[in-house]
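Asks: All chains should be built: construct the whole structure from the sequences, respecting the hints.
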Amino acid sequence: MVETGAAFGRFQIFTLKHMEYILAAKMRCRKLYIGITHADIVSFAATSSLDRHGVTKKDNPLTYLERHEMIQGALLDFGVRRKEFDIIPFPVTQPDLIQQYAPRDATYYLSICREWDEEKAQAVQRQWLKTEILWQRLGEDCGPTGYDVRKMVAENRDWFQYVPKTVSDYIRSRGIDQRIRELERLYSNPEWKNQKPRERERPAEQ
Numbered sequence: 229m230v231e232t233g234a235a236f237g238r239f240q241i242f243t244l245k246h247m248e249y250i251l252a253a254k255m256r257c258r259k260l261y262i263g264i265t266h267a268d269i270v271s272f273a274a275t276s277s278l279d280r281h282g283v284t285k286k287d288n289p290l291t292y293l294e295r296h297e298m299i300q301g302a303l304l305d306f307g308v309r310r311k312e313f314d315i316i317p318f319p320v321t322q323p324d325l326i327q328q329y330a331p332r333d334a335t336y337y338l339s340i341c342r343e344w345d346e347e348k349a350q351a352v353q354r355q356w357l358k359t360e361i362l363w364q365r366l367g368e369d370c371g372p373t374g375y376d377v378r379k380m381v382a383e384n385r386d387w388f389q390y391v392p393k394t395v396s397d398y399i400r401s402r403g404i405d406q407r408i409r410e411l412e413r414l415y416s417n418p419e420w421k422n423q424k425p426r427e428r429e430r431p432a433e434q
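Heads up, the sequence shown is in my numbering, so the first residue is 229 and it goes up one at a time.
I should point out that these hints are in silico values taken from the structure, not numbers from a laboratory. Source: prediction; values computed, not measured. For each residue, glycine too, the CB sits at the ideal point set by N, CA and C. Hints may be right or wrong, so weigh each one.
Claimed, not checked - With a straight-line cut-off of 25 Å between C-alpha atoms, the simulated PhoX-like cross-links for lysine-lysine are:
#, residue 1, residue 2
1, 311, 393
2, 358, 286
3, 259, 311
4, 285, 379
5, 311, 379
6, 254, 311
7, 311, 358
8, 254, 379
9, 358, 379
10, 259, 379
11, 254, 358
Said to hold, decoys possible - Now the in silico label distances, taken between C-beta atoms and shown as ranges:
#, residue 1, residue 2, range
12, 355, 293, 31 to 37 Å
13, 304, 230, 21 to 27 Å
14, 393, 309, 16 to 22 Å
15, 409, 231, 39 to 45 Å
Replies: In structure tokens:
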């Protein structure tokens, strides 16, 4: 077991598969830093064509603070002691800034399910940071993604079984489920799609 580790993701929404990843990383270190990427999609905008879900409000409905609170509540409920983890912004789209937010001496744990994950791993490695691949999976083995769960929420399908209970409680108590549905309707509107990007984002922030 190493002293310090790090794991990261967008966590829009925090799923049970995300929890599996975080707990696998935590088992390997005494203190885990959990990085939230795309803290906001303006300051930390997508810079890769593979980062297809780091662009719009529809794919990023939760704020940084909401994700922080959601993840913290889920980990505490799963029995992880608060002193054994911290939650931080993680600028994976601007790799040169990673060490401004995350510890240099950490082992960075990664899960690989798609090309974008491989590109993120390479971005971290280019900063001369130590990495460890926890697993490489394909297709259904990756499980429902945050995108899949958001789609279920938007379509009023059963999504609760794919997230920790504290997460479903948090999403509903903050009205985030309704926000996801409203964004889905908004972005499905042909007139909305024809607007300029700056015009598109403005109503979604209300």
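Asks: Against this structure, judge whether each hint is valid.
Replies: Going down the list of hints, with the structure as the test:
1. For the suggested pair residue 311 and residue 393, the alpha carbons sit about 22 Å apart, so the restraint of at most 25 Å is met.
2. Between residue 358 and residue 286, the direct Cα distance comes to roughly 33 Å. Violation of the 25 Å bound is thereby established for this hinted pair.
3. Restraint check for residue 259 and residue 311: satisfied, since their Cα atoms lie roughly 8 Å apart, inside the 25 Å limit.
4. Between residue 285 and residue 379 the CA atoms are separated by roughly 14 Å; this keeps the pair inside 25 Å, and the hint holds.
5. With a C-alpha separation of about 34 Å, the suggested pair residue 311 and residue 379 falls outside the 25 Å cut-off, and the hint is violated.
6. Restraint check: the Cα-Cα separation between residue 254 and residue 311 comes to about 12 Å, which is no more than 25 Å; the hinted pair holds.
7. Between the alpha carbons of residue 311 and residue 358 the distance comes to roughly 23 Å, so the proposed pair stays at or under 25 Å and holds.
8. Among the hinted pairs, residue 254 with residue 379 is inconsistent with the structure: their alpha-carbon atoms are about 29 Å apart, more than 25 Å.
9. This hinted pair does not check out: residue 358 and residue 379 have alpha carbons roughly 35 Å apart, beyond 25 Å.
10. Proximity of residue 259 to residue 379 is assessed by CA-CA distance (about 33 Å); at most 25 Å being required, the pair is judged violated.
11. A threshold of 25 Å between alpha carbons decides the hint, and for residue 254 with residue 358 the separation of about 16 Å falls inside it, so the pair holds.
12. A beta carbon spacing of about 26 Å between residue 355 and residue 293 contradicts the range 31 to 37 Å that was offered as a hint.
13. At roughly 23 Å, the beta carbons of residue 304 and residue 230 sit within the given window of 21 to 27 Å.
14. In this structure the supplied range 16 to 22 Å holds for residue 393 paired with residue 309, their Cβ-Cβ distance being about 19 Å.
15. Separation of residue 409 from residue 231 is about 44 Å and conforms to the stated range, judged on CB atoms against 39 to 45 Å.
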